[in-house]
Structures are given as C-alpha cells and as structure tokens.
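**Q** So the chains spell out like this:
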Amino acid sequence: MSDLMIEVEGLTKNYGITRAVNKVSFGVRRGEVLGFLGPNGAGKSTTMKILTCFLAPTAGRALVGGHDVFTDSLEVRKRVGYLPEDTPIYRDMTVLEFLEFAAAMRGMDRDKVPGRIKEIGQRCGLGDVAGKLVGELSKGFRQRVGLAQAMLHDPDIVILDEPTSGLDPNQIVEIRSLIKEIGREKTVILSTHILPEVQATCSRVLIISGGKLVADGTPDELRARERGGRYRVVVESNGVAKDAIRDRLAMLSGVTRCEAVAGEDGAHAFAIDAGGAGDLRKPIFRAAVDNRWTLLELARESASLEDVFRNLTTGEEGKS
Amino acid sequence: MNPAMVIARREVRAYFNSPVAYIVVAAFTIIAGGIFFIFKFFLTQEASLRGFFETMPMLFMFLAPAITMRLIADEKASGTLELLITMPVRDWQVVLGKFLAAMALLATTLALTLVFAITVRALGPVDRGPTIGGYLGLLLMGGAYMAIGVMSSAFTRSSIVACIVAFVISLGLFIVGQATQYLPAGPLQGFASFIGIGTHFDNISRGIIDTRDVIYYFSVMGICLLLATLSLESRRWN
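As they're listed, the protein sequences go chains L and P.
Numbered by my numbering, the letters in the first sequence go through residues 2 to 321 in order.
Numbered by my numbering, the letters in the second sequence go through residues 7 to 244 in order.
Bear in mind the hints are in silico, worked out from the structure with no lab data behind them.
All figures in this text were calculated on a predicted structure; none of them were measured in a lab.
One or more hints might be untrue.
[To be verified] To spell it out: a stretch of chain L is covered by chain P in this simulated footprint if at least three of its residues, at any positions, have a beta carbon under 8 Å from a beta carbon of chain P; those stretches are:
(1) 52–58
(2) 72–81
(3) 89–95
(4) 100–107
[Said to hold, decoys possible] For the chain P half of the interface with chain L, some residues (derived, Cβ under 8 Å), not all of them:
(5) G85
(6) T86
(7) P94
(8) I124
[Claimed, not checked] Going by beta-carbon spacing under 10 Å, a handful of chain L positions derived as facing chain P:
(9) L84
(10) P85
(11) E86
(12) R111
(13) G147
(14) Q150
(15) I160
Here a beta-carbon is modelled for each residue, glycine too, at the ideal position from N, C-alpha and C.
Using the sequences and the accompanying hints, generate a full structural model.
**A** Shown next, in the form of structure tokens:
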C-alpha cells in the first residue's frame, strides 16, 4: 500500500441544485493529523460523509486506504473509524453494551473483545462509566465513548466530525490530547471551526469555503503566507515631527498603509501594513538610522491562523 | 456473527428495555383474548381457536405498526443511522436485522396467546393440526405486516408518520380482501382476493395450508424489505 492513506480527486457533491462540495482534491499520508477547517456549511461534514461511505459523491473519486468509497465501500468502512457530528450513540444502551455492539458489528474476535474494550476504555478515560446508560452521560463522556467506538477495531484511519463541539474547556483539552495521541499511529482527519484547535492538534490544515478548497498546508505555512503582515514601530519623539516620520515610513517599498497610532508619552507609534513576503524590519531600521530617530520598538506581528481563515473565507459565509 | 443478527439482537434488547414493548404486547394479548373469549368462543361453544385466528388480520394492523414504527425512523431522527451504516454492514443487513427483531417480538407475543390454546383445550378436545397450522400462518401473515411496518419506517424520519403509513397500507390490503365478499365472481374478485392480506389467512385459519398463500406472504415480505433497502440506499443516489 502506498503512503497515501486518503486520495481525493475532483470530489463534488450536489444536494439538489446546491453544490455542497466543489471539485475538492487532496491527499492524506499515514500519520498525518489533518484539520478540516471552514465556516459552518462549508462542506466539511459532507466531505467526511463521503469518505465514510454514508453519502456517494456526485462526481470525482475518493480512495480510502486504497479502496474506492463508492465501488468498494465495505472495505473502506472496515478500515475507518468514524465519529459523526453530535456523537449519535444509542441512548438506551450502557457504554459497555454499546462498545460490545460496535465490536460485534465490526466482526471482531469475540475472545479479544473484553480486553480490547478495557484497553480502549482506559485510553479514552472512560473509567467507571462502563455500566452507565449512554443517555445519562455528560457530553464529554459521550464524546469519549464515540472516540472509543471509532478506535475500537484499531483502524488505520480515524475520521472525527467536530470532536470537541459542545465541550467545556477542560474537556476540550483532554479530547485534544487524546486526538494527538491517536495521531501518532493513525491517520486522522478532524473537522472544526475552532482555530486554536487546529493549531493545537493538526499537522496539516485544509481550509474549505463554499464547497471549495481554498488552502492546504501546515499551520506554519499558512501563517507564513499571510506574512509581510503588520509591523509596529515606536520612535522617540524628541523634536521630530510625527508626520515626517510617517511619510518617510510610508515611502518604504512594500508598505501599503502607514498610520500613526496612540503611543506612550514622548513617543510616536505607527502601525504599518505591508503586502508581499519580504521582511520590512531591516528597511525600517535603516530608515531610523539614516534619519537619526531613536527606535524604541520594532516588532512584526505574525498573522494568526485566524487572519488567514478570515481572509480566505469571508465573502462565502452567506452561502452556507 | 452476521451483522444482521447483531442488529437484531440489539433491537430485541432495546424492545425489552423499554416499557413500550411490554405495554403493546400486553395490550395486544388482553384485547385478543377478550375478543376471542367474549365474542367468539362462548358464542360458538366450540373447542377451537378458529375464532381467535379470525380476528388476527385485523388486530395485526394495530400491533405491527406499533412494533415497527421506530425501528428505522428513530435512527434517522437521532442520527444513529449514520453511525450504524458507516460500520461495515450492507443496507439489506440493516433492514433484515430490524425485521428479525420485530419478528422475535411477534413470536413472543404469539407465545403468550398459547395460554388461550391451553384454556380452550381444558374445556374440550382441540384439533392439533389446525392449531399448529394456524400459528405458523400467524407468523407468516405477521411477517408480511411487520415487513410493511419496517418499510414504512425506512421511508421517514418520524415514527408517528411511519406508524400511520404502515397502518394505512395494511388497512388498504385488508379492505381489498374484505371487499371480495361483495364483488361479483370474476377476474376482479380473483384479483381482490389475491391482493387481500386477510383472505390468504382464511384458508390457514381453517387449517388448510396452501402454497399460494405461503407464496403471497413471502412475496409481501420480500417486496417490502427490498423497498426498505432501496430507500436506505437512496441516500447514495444522485
């Protein structure tokens, strides 16, 4: 088997006349934790539903673990563990009953099931809820049961649709570290619209908006793309006119906007926006030396993933 | 174990974990017993279960939708169907599993009505053949009713809608059969008695098992379960 665990080519899905997913292509390698990022209704869940064989693509192709999701869906489903959005689990079963049911559905060796359930229960922190009804569990525990179910049969690929939605901050941290741990051995795809989540857990990010793939890279690569970004400069004011400094800074190549902002007493502060990829700190420093300004502060504010996300997905939000 | 059996086992457990199943089964047994003893048995003064069997086509119209309505519709509404169907299981296995669970509950219910047979037997000699044949016929006819219910449940997300659809379909088939008595002899009457879900049971309740009746019930089961499977599969159609 090749290193690519998931290959998606020109994947398209229409719901009636609405196009939910539009010619999306990507590949996921073994051991990657892929974050699927996008506003609500961008097509994340639909893509995941296609990868898990719940829906069929209108056009395009998806291979999971080397098998086609449409023509060979049973093989795909054997190799995938899936946690659908909102963790739908039979509420009338106890945790143990449910996990036994999942194991039986997966055709797992009956002698090994109790041991495996115990092991996975420990990893997912199920502790002493095994005998409780799923319907009586808190959202966090239900999510853990969902994760345990997705990993029970030791699949190569784990697909999690919004695994942390509706959890409290403590639970989110726990689930994230669990996902990170899973990601060490497995290929994981998770969807979210929470940005820090991607930074915290994913080795790679796909940003999808209006059904289209708009970005693909590591979180650092995506942030770097936005660089050039924004600089903050503070100069001691001793006798130098604020406007003169501003005009001089605005002349630097690459600067798209230079504005005086509120600074501390006896200092002029400026916010500079720059396009392009170059680093403006050097030219700013030289300009300060040439003009004998006393530079108090010079900082580049690197773009956050949030900026990247907003830039790439605004204008598409209304379409959800 | 086959995934269909795993699903059937889960559903049977779910039945016995919920008060609804007990209420439905108890109500059915009490009503069936009441009608049989009060209106049939003591009137005819005949040591036979025929009066009991005769009421079944009508009573199953209420029993089957109540048992089957939530089987698939509920899973659609709660989203668990997505989890179930993304496990390595074929759609027909899901449908078959649900159907088998309904049949298990039906068999349990019918087992309770054996009390009537025992009672009647204490009061007079009962012909064993027609009784055994009648119960087999009940399972066959019940299968047809249950399959209609499972199909209706696959068509919708609402178990109430599923219940009503199943009831209407069963009622339709039942009425067509009843109309046989009022139709002039001819192809129309023949057709009506072929379609009618109760008419095929008449023979059986008299103690005659005819292959045509058996084929009819298996056909209804086959067609309904097939349509239910297609309905599940339709999510993957474009």
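**Q** Please go over all the hints and tell whether each is borne out by the structure.
**A** Consistency of the hints with the structure:
Counting residues of the segment 52–58 of chain L whose C-beta sits closer than 8 Å to any C-beta of chain P gives 5, which meets the bar of three, so the coverage hint holds. Beta-carbon proximity to chain P at under 8 Å applies to 4 residues in the segment 72–81 of chain L; the threshold of 3 is reached and the given coverage holds. Residues of the segment 89–95 of chain L with a Cβ under 8 Å from some Cβ of chain P number 6, which satisfies the need for three, so the listed coverage holds. For the segment 100–107 of chain L, the proposed coverage by chain P is satisfied: 5 residues have a C-beta within less than 8 Å of a C-beta in that chain, meeting the threshold of three.
Of the supplied interface hints, the one on P:G85 holds, with its beta-carbon coming within about 3 Å of a beta-carbon of chain L, less than 8 Å. Residue-level restraint check for P:T86 holds (minimum Cβ-Cβ distance to chain L is 4 Å; threshold 8 Å). Among the interface hints, the one on P:P94 holds; its C-beta lies about 4 Å from the nearest C-beta in chain L, closer than the 8 Å criterion. Here the hint on P:I124 is broken, as its CB sits about 34 Å from the closest CB of chain L, past 8 Å.
Interface hint at L:L84: satisfied, since its Cβ lies 8 Å from the closest Cβ of chain P, which is below the 10 Å cut-off. Annotation: interface hint on L:P85 holds; nearest CB of chain P at approximately 5 Å, less than 10 Å. For L:E86, the interface hint holds, the least distance from its beta-carbon to any beta-carbon of chain P being 8 Å, beneath 10 Å. For the restraint placing L:R111 at the interface with chain P, the shortest Cβ-Cβ distance is roughly 8 Å, inside the 10 Å limit, so the hint holds.
Hint on L:G147 holds. Least Cβ distance to chain P is approximately 8 Å, under the 10 Å limit. Checking L:Q150 against chain P: minimum C-beta separation of about 8 Å stays under 10 Å; hint holds. Satisfaction of the interface hint for L:I160 is found here, the shortest Cβ-Cβ separation to chain P being roughly 9 Å, below the 10 Å cut-off.
This entry does not satisfy hint 8, going by the numbered hints stated previously; all others are met.
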